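All chains should be built: construct the whole structure from the sequences, respecting the hints.
Same order as they appear, the protein sequences are chains A and B.
Under the numbering used here, think of the first position of the first sequence as 810, with each following residue one higher.
Under the numbering used here, think of the first position of the second sequence as 5, with each following residue one higher.
These aren't lab readings, by the way, just hints derived from the structure by calculation.
Since this is a predicted model, take the numbers as computed values, not measurements.
Yeah, the Cβ is synthetic: ideal placement off N, Cα and C, and Gly gets one too.
Treat the hints with caution; some may be incorrect.
Once the Cα atoms are required to be at most 27 Å apart in a straight line, the calculated DSS-like pairs of lysine-lysine come out as [to be verified]:
(1) A/1152 / B/284
(2) A/952 / B/284
(3) A/952 / B/139
(4) B/284 / B/139
(5) B/137 / B/222
(6) A/1002 / A/875
(7) A/1152 / B/222
Per the computed footprint, the stretches of chain A lying under chain B, defined by three or more beta-carbons under 8 Å from a beta-carbon of chain B, are [claimed, not checked]:
(8) 1135–1141
(9) 1156–1169
(10) 1174–1187
Among chain B residues calculated to face chain A with C-beta under 7 Å, some are [what the hints assert, rightly or not]:
(11) 28
(12) 207
(13) 209
(14) 222
(15) 227
(16) 228
(17) 231
This is what each chain is made of:
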Amino acid sequence: MMSAPPIRLQGHRISRSFGGNQVLFDVDLTLHAGEVHALLGENGAGKSTLVRILSGYLPPSSGEIKVSGEPRRFRSSGEAETDGVVMIHQELALAEQLTVEENIFLGRELRRGLFLDRRAMRARCREALVELETDIDPATRVKDLSTSDQQMVEIAKAVTRDVRVLIMDEPTASLTEREVQILFSLVSRLRKKGVAILYISHKLREIEQIADRVTVLRDGHLIDTGLAEGRSKEDLARLMVGREINEMYPARSSVASDAPIVLEARNIEVPGAVRLASFTLRRGEVLGFGGVVGAGRTALCEAILGLRQRRAGEVLRNGKSVSFRHLRDAVRYRIAYLTEDRKGKGLVLNMGLRPNLTLLNLRAYCHPLISRQREAQAYAEAAKRFDIRLRTDVSTAGELSGGNQQKLLLAKVMSIDPEIVIINEPTRGIDVGTKQEIYRFIRDLTESGCSVILISSEMSELIGLSHRVAVMCAGVLTGVLEGDEVNEQEIMQYASGIKGVGGNEHRRA
Amino acid sequence: MSIVVPDNNKPMKRNVFRFDIKTWGPFIALVALAILGVLINPAFLGADNLSNMLTRSAFIGIIAVGATFVITAGGLDLSVGSMAAFIAGVMIILMNGLVEQFGVGITTVLFGIGASLILGMGAGFINGVVTTKGKIEAFIVTLGTMGIYRSLVTYLADGGTLTLDWNVRDVYRPVYYESLLGIPIPVWVFLLVALVGYVLLNYTRFGRYCFAIGSNEKVAEYSAIHVDRVKTLTYVLQGVCVSLATIIYVPRLGSASAATGVLWELEAIAAVIIGGTVLKGGHGRIWGTVVGAIMLTMIGNILNLTDAISNYLNGTVQGIIIIVAVYLQRASWKKNNV
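Next up, the structure:
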């Protein structure tokens, strides 16, 4: 229609490595004034790294950043903000004990002489909140706000600055449908004011609604970039995941069609996280759980295990109704859980390897006092079985590499000799070699008659390992895919709410 | 070949070496302090002086063994001093009251001791339950109970002093003043408590869970540990230790007042910290605590034996020792981790 609007922010041939691990390869990204540019990609595609580089949180290993045509080398996010490049974080970065108003002006307080000009700050804060159509009181403490209100404060914080480039990393992850619409109208107002917006989201439906331009990243490479018009959701989904599945994954063991159901969940409801989810798990089967981070997969499994409160629902183990009030109860029914947060929830980092290994099933090493010898013996066996190799003199779990930590955690979980293993993001942050070992281990488990629930945000992993895949979107279990349905496009469509149960209500009439 | 294969001996060796500094640090400091004591006054090494010193350190030491569990599991108990005073007060009132019924015999004393144990356990249980179920910081809960017990004992004594019946005291006296095999009974109790504590902390599930909870409560929860139960149990154990300390304390003076046990909580915490237990939890050592408690008493003892430094500066020297001890521990941590 018209010539392209002026360029506000440009990244040219941006690369970035962490240690020896390159995560971005010569990526170009151009943001024009008055445009919403959507950045798409799977988890781990390099989106977050790219935007952190663009907003000054991280320096690039190579490549150039230009603001309105002039090369810039941001040494901190503060420098980027002075240039009008502001980022809204995925994880909220607010000072909980301060009020909304104090947070919005944190680090750039308005002053009158020596003292804070509270009145001016309150006035400007009100203005910003009114523009966002929220009724948040500027004097409330942030910790008393709901997550979605906190998100609004984060947005208000960004728009009260003299913003020329606004980077939003999954801003709608914790917003309600109504708040999303308010956010979108705000985005279009900012767009009219000539602000360049970089919008990251997994929700293709949103992208379709607001993006002018899209860029797709995959494994750190630029895959596609161009106008949003003429690129359908389905095209984009395929571009995002389009990787071939190779022999990374061992052949699946077969599940008899009459294999007994070992675990069943009926209408599980977790406040604020899961709505009426039901599924079954057969003996010897891998049931994958797909969906974006925060879709409620972890909450669902943890509610079943007794790690979280659930409001309603029933769990059946081998057909009998059970109620796990504590993880110990689940362990008694030989269900093991491998957490996704191995540093925060899985291993005691400042403890030795042996105590970590035996912590879940310490009873087995007591008679009645803990036998150090049996612990050492168990460790030697686990090191062999799970191929834990220590190259240096490691004495605590925190000193292990990510892969070895994961193997140690796996060994710990397996120490209860489970029949059902719930594995949450087993390959996050570990190298390809270890990944393959873990895949083979999962296959061996099912072959020996165990059942596995596999929560993974890596699409290829789900498809390569699962017999069936349950997909969740925004707390709703949208569908359980079987056979030929288990492919990337289908999963992506169920995960973004285009298809399946509950997806309908999102569809526009 | 030997380059790739992990060398099992090497890491072990370094471990032992690393542990050396940290484990033996408090012991070395104790020996250094003892040598200083001898140099200042040869009477320091006299059997009388030593047994007197150990007897005095038994109160704080026994309480500090309990505190080691609480602190290792990431908690804190400020109420122990007041709790001791309160238990002592109730014991005295109870025993005085039972004289009429049971006479001045062993029975009366046993009732007192039993009451002490029940009170200690109950008070610890309250601290534990309020902390875990109420999800309130241990500092706040025990600050509260500290005030409560202190005022209760003042109330019971009507602002004055509760005194144990003279005749009962004669029966009870040996618990503090007598010796067994040449070692005073309080020292035996101290030793026994330390030994049991050592086994509990290092060789039972409970002890291991304390370490895990103190290091990372989330990990403990995800390891199917009943976190609240274990934490509550540490406070109950602390209560039992306070009760034992009180049982041997009461026959010493035969009285209790609002001034009984003042600042014991801080001395107990100091002993624990000097011994190498980490205040924010996750790492605890019973023998370190024992050494810490003895050191604190030893400082006062040495100052008594010399004129070079006024006895009134006892607190100053103790304070310096606490800070230096922790500084040295932190410094060695850092060196090992980098």
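*asked:* Run the distance test for residue 1152 of chain A versus residue 222 of chain B: straight-line Cα separation, threshold 27 Å.
replied: OK: residue 1152 of chain A and residue 222 of chain B at ~10 Å, within 27 Å.
*Below or equal to 27 Å on CA atoms is what counts here, so check residue 284 of chain B against residue 139 of chain B.*
Within the cut-off at roughly 17 Å; holds.
*For the pair supplied as a hint, residue 952 of chain A and residue 284 of chain B, confirm whether the alpha-carbon distance does not exceed 27 Å.*
OK: residue 952 of chain A and residue 284 of chain B at ~24 Å, within 27 Å.
_Please check whether the segment 1174–1187 of chain A has three or more residues whose CB lies within less than 8 Å of a CB on chain B._
holds (count 4)
*Decide if the proposed pair is consistent with the structure: residue 952 of chain A and residue 139 of chain B, CA atoms, cutoff 27 Å inclusive.*
holds, 17 Å
*Verify the interface restraint on residue 28 of chain B: the C-beta must sit less than 7 Å from at least one C-beta of chain A.*
violated, 18 Å
*Report holds or violated for the interface hint on residue 222 of chain B, using the least CB-CB distance to chain A and a cut-off of 7 Å.*
The hint holds - residue 222 of chain B has a Cβ within 7 Å of chain A, the shortest such distance being about 5 Å.
*Given the hint that residue 137 of chain B pairs with residue 222 of chain B, test it: the Cα-Cα distance must not exceed 27 Å.*
The hint holds at about 16 Å.
*Taking the least C-beta to C-beta distance, is residue 227 of chain B closer than 7 Å to chain A?*
holds, 5 Å
_Hinted contact residue 231 of chain B with chain A - closest CB pair below 7 Å_ = violated, 10 Å
*Given hint residue 228 of chain B near chain A, where the shortest CB pair must fall under 7 Å*: Residue 228 of chain B check passes; min Cβ-Cβ to chain A is 4 Å, inside 7 Å.
*Interface hint compliance - residue 209 of chain B to chain A, C-beta minimum distance less than 7 Å*: holds, 5 Å
The structure shown violates the earlier hints numbered 11 and 17.
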